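J.: Sequence:
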Amino acid sequence: MTTTEAPPEQERPIGFGRMLRKEDPRLIRGMGNFVDDIQLPGMLHLAILRSPMAHARIVSIDTSAAQAHPKVVAVITGADLAEQGLAWMPTLSNDTQAVLATDKVRFQHQEVAFVVAEDRYSARDALELIVVDYERLDPVIDVRTALDPDTPVIRDDLEGKTDNHIFDWETGDEAATAEVFNNADVVVSEEIIYPRVHPAPMETCGCVADVERVSGKLTLWCTTQAPHAHRTVYALVAGLPEHKIRIIAPEIGGGFGNKVPIYPGYVCA
1 MTTTEAPPEQ ERPIGFGRML RKEDPRLIRG MGNFVDDIQL PGMLHLAILR SPMAHARIVS
61 IDTSAAQAHP KVVAVITGAD LAEQGLAWMP TLSNDTQAVL ATDKVRFQHQ EVAFVVAEDR
121 YSARDALELI VVDYERLDPV IDVRTALDPD TPVIRDDLEG KTDNHIFDWE TGDEAATAEV
181 FNNADVVVSE EIIYPRVHPA PMETCGCVAD VERVSGKLTL WCTTQAPHAH RTVYALVAGL
241 PEHKIRIIAP EIGGGFGNKV PIYPGYVCA
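Residues in the sequence shown are numbered from 1 upward in steps of one, following my numbering.
No false leads were mixed into what you were given.
Derived CB-CB ranges, DEER-like:
hint, residue 1, residue 2, range
1, Glu-190, Gln-108, 25 to 33 angstroms
2, Glu-83, Ala-184, 52 to 60 angstroms
3, Met-43, Gln-84, 16 to 24 angstroms
4, Tyr-194, Leu-20, 34 to 42 angstroms
5, Tyr-194, Ala-65, 42 to 50 angstroms
Source of the hints: derived by calculation from the structure; they are not laboratory data. Since we're looking at a predicted model, the values are computed, not measured. Every residue gets a Cβ at the ideal spot worked out from N, C-alpha and C, and that includes glycine.
From just these sequences and the hints, can you work out the full model?
T.: Take a look at the structure:
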């Protein structure tokens with residue numbers, strides 16, 4: 001029988017074959033600094049009202065009761081942002097995404113309005129005072145029927161859009177690929193269905209924004225995995241030069257990729 005002994009720990013080359021983690025000591029001692037830990041003097045709090053429906057026309061939005069709340073500073077709707085020229089944001093599909101819905105909502109929990117208040121509890125309370133009158137529309141819930149002629153068009157805000165085909169992606173040689181299949185002895189085809197998935201980190205998305213009144217510089221602490229991409233988008237949307245925008249990504253309580261995109265909530269802040 002042959003026995004093998006692992007070399008003593010002290011004989012291993014330092015730094016070889018292992019990764020030295022710099023963040024562990026402060027995290028296990030509770031000294032990590034997350035977005036929720038950031039407190040600024042006179043900081044206001046923002047809460048977002050989201051649609052309970054997947055597809056509906058917005059008939060009217062009444063914000064008068066929310067605006068009358070004693071601790072509410074502002075109530076913003078899609079129409080308010082449109083007047084400021086900020087009611088859009090770039091996306092990866094060469095399209096623009098509404099920061100807040102205006103004429104209709106196109107997916108469940110789409111952002112409809114937001115409240116700015118003196119504290120987070122008043123902001124959440126004021127959301128319940130906003131009255132939105134929705135006209136329910138048929139949703140599209142099956143990709144196999146999404147292109148049927150009688151299926152409602154979700155992105156009817158796009159000029160000339162008559163179907164739900166909104167994204168194309170091609171790679172390789174289509175003709176050569178078709179030839180291989182045509183000359184194959186056997187072609188196996190199978191439909192595979194897998195459920196919708198989404199990362200669920202312990203920390204949700206959040207953002208703290210601060211503007212220096214004298215210099216006009218904007219600093220944002222964001223739960224982001226892509227600070228440079230965020231800075232570029234905010235510069236485009238807000239009309240600020242990138243050198244006046246600083247993005248700080250503190251400790252991230254899990255991400256798994258879902259904290260790379262720029263969500264409307266960040267732009268609202």
